[in-house]
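Chemist: So the chains spell out like this:
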Amino acid sequence: MKKYTKDHEWLEQVEGTLYKVGITDYAQDQLGDVVMVELPEVKIQVSAGDNMAVIESVKAASDVYAPVSGSIASVNEQLSNDPTLINASAEKDGWLVEIQLDNKSELDELMNKASYKEFVAKNE
Amino acid sequence: MKKTPLHSLHQELGGKMVTFADYALPVQYKSGLIGEHLHTRKAASLFDVSHMGQISISGDADQALAYVILTDFSQLKVGWGKYSVITNEQGGIVDDCIVARDQAQVIFIVLNASRKEVDIAVLQKAIPSSCQLTQYSNLALIALQGPQAEQALAHFFPQVTGMPFMTAIWSAYQNHQFRISRTGYTGEDGFEVSMPAEVAIDFCKSLLSLEGGELVKPAGLGARDSLRLEAGLALYGQDLTEQISPIEAGLLWTIPKNFRETGNFCGAQNISQQIAEKPNKKLVGLKPEGRVPVRQGAPLISSENEVLGEVTSGGFSPSLQAPIAMGYVKKGFAGLGKQVIANVRGKEIVCEIVKLPFVKHNYKK
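Sequence order for the protein chains is A and B. Here our numbering is used: the first sequence runs in plain steps of one and ends on residue 152. Here our numbering is used: the second sequence runs in plain steps of one and ends on residue 1633.
There's no promise every hint is true.
Unchecked claim - Here are the simulated EDC-like pairs of lysine to aspartate or glutamate, each with C-alpha atoms no more than 20 Å apart in a straight line:
hint	chain 1	residue 1	chain 2	residue 2
1	A	LYS87	B	ASP1493
2	B	LYS1284	A	GLU152
3	B	LYS1284	A	ASP53
4	A	LYS87	B	GLU1578
5	A	LYS30	A	GLU134
6	B	LYS1615	A	ASP91
7	A	LYS141	A	GLU119
8	B	LYS1298	A	ASP78
9	B	LYS1298	A	ASP91
10	B	LYS1284	A	ASP78
11	B	LYS1615	A	ASP78
12	B	LYS1298	A	ASP57
13	A	LYS30	A	ASP121
14	B	LYS1615	A	ASP121
15	A	LYS48	A	ASP136
16	B	LYS1549	B	GLU1578
17	B	LYS1615	A	GLU69
18	B	LYS1271	B	ASP1330
Since the hints were derived computationally from the structure, they do not count as laboratory data.
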């Protein structure tokens, strides 16, 4: 079950403290066609709120923030061949990184799907 | 915020509306920017450009107009148009526009939306009181651009087949007067069509429904911008401003040779000086290394950290699958093949100065 942030990112447990992270379908729609993605180095440490990645769309460059603190376990190599995966499948094949969480309780701050949907509707 | 005559059609087609020059216009539709861009280069796209200014000046205005719009009107024949610039006394560009002679004593001009009020004031002041300036706020304007634009438009106006580039005609369709010019802002063959506001939606729907909707597709401002950038065409407000001269902007070719000799036009002093001594900066094409787009406002520096200029337009080229940009670079550093460094969010991206256009033009010359 995915968790969502106010910056329109999602997290999904892979196994234990290993979580997959991406941007939501709403976010990709707002960005427009993605032309390239700058992903972090594997093994670096991030704190919640740090700049983690940059998504360049036809319109502008957008920062993606680390939703939780942890270390980058892997990045989606497919995105360098096909950045448009983020548009086509933001919440599945267009995942950005996998993070090894430092502190599972940080997940409690995040929204579930229903609250995220409400959050988006309220801010339209 | 103003609406164009096609506003409800944009909503029906799922257009993502933004504000541009005070008008509500679609930045893209459902296909997305890249899809719309690529469709234009291989088939035909329909753009709503009704926000632009459409005016005519009637009477004996040639001489007066030639002072502010750098075109030799005495050489402009009926049915023909020309790309030109309106200048100020300092030799800066007030606007770029297409002027055309619709009748012996009627000049039709299409102006940029963000500048139309300024332009109209300049032109009104320049023409003698015996002449009349009319603004057509009841005319919609669309651009139909792409290699199949002629085929599409010929369904309604067979005479556009073989119509020469830069000519314009008025023609009746279903009892309404349409103005068609073989002009555009994408580098492709295409047309710009004016029609009464009340028939615009129906006419556009007819174009969009040709060949089951596969021939002509709607395209928004986003694709319009990426197409013109690939074509190396300047955008007023970014690449052209009142502080930039036509010489700096690479538009010397728009100034008739005899004008350059007599120097009898608005801003001639500075412009003639720049022609003689070469301008202090010039507009160049830039090809950034890698995939990161280099956008408007990015400073351009040398490897010794000297400021050389700045990027005025930039983005990602769907046709080339790479970033492209245009900007101003200081004299002495602006030669083809030279390198400049763009500062993008703290990162240094090397750019090569390249010839414009990035994608070759396909005008029906």
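Chemist: Confirm or reject each hint.
Modeler: Hints and how they fare:
Taking the CA atoms of LYS87/A and ASP1493/B, the gap is near 10 Å; set against the 20 Å cutoff, the hint holds. In summary, the hint linking LYS1284/B to GLU152/A is supported, as the alpha carbons are separated by about 13 Å, within the 20 Å threshold. For the suggested pair LYS1284/B and ASP53/A, the alpha carbons sit about 16 Å apart, so the restraint of at most 20 Å is met. Proximity of LYS87/A to GLU1578/B is assessed by CA-CA distance (about 19 Å); at most 20 Å being required, the pair is judged to hold.
Our distance criterion of 20 Å between C-alpha atoms is met by LYS30/A and GLU134/A, whose separation comes to about 14 Å. The hinted pair formed by LYS1615/B and ASP91/A meets the criterion: a straight-line CA distance of about 14 Å does not exceed 20 Å. Using a Cα cut-off of 20 Å, the hinted pair LYS141/A and GLU119/A holds, with the two alpha carbons roughly 12 Å apart. Distance restraint check for LYS1298/B and ASP78/A: the Cα-Cα separation of roughly 33 Å exceeds the 20 Å cut-off, and the hinted pair is therefore not satisfied.
Under the criterion of a C-alpha separation no larger than 20 Å, the hint pairing LYS1298/B with ASP91/A is inconsistent with the structure, at around 24 Å. A distance of roughly 31 Å separates the Cα atoms of LYS1284/B and ASP78/A; the hinted pair therefore is violated under the 20 Å criterion. Our distance criterion of 20 Å between C-alpha atoms is met by LYS1615/B and ASP78/A, whose separation comes to about 18 Å. A distance of roughly 10 Å separates the Cα atoms of LYS1298/B and ASP57/A; the hinted pair therefore holds under the 20 Å criterion.
Simply put, LYS30/A and ASP121/A have alpha-carbon atoms about 15 Å apart, close enough for the 20 Å limit, and the pair holds. The suggested pairing of LYS1615/B with ASP121/A is violated, with an alpha-carbon distance near 29 Å, which exceeds 20 Å. Restraint check: the Cα-Cα separation between LYS48/A and ASP136/A comes to about 16 Å, which is no more than 20 Å; the hinted pair holds. Taken as a hint, the LYS1549/B and GLU1578/B pair is honoured in the structure, with Cα atoms around 10 Å apart against an allowance of 20 Å.
A C-alpha spacing of about 16 Å is found between LYS1615/B and GLU69/A, which places the hinted pair at or below 20 Å, so the restraint holds. Pair hint LYS1271/B plus ASP1330/B does not hold up; C-alpha atoms about 34 Å apart against a cutoff of 20 Å.
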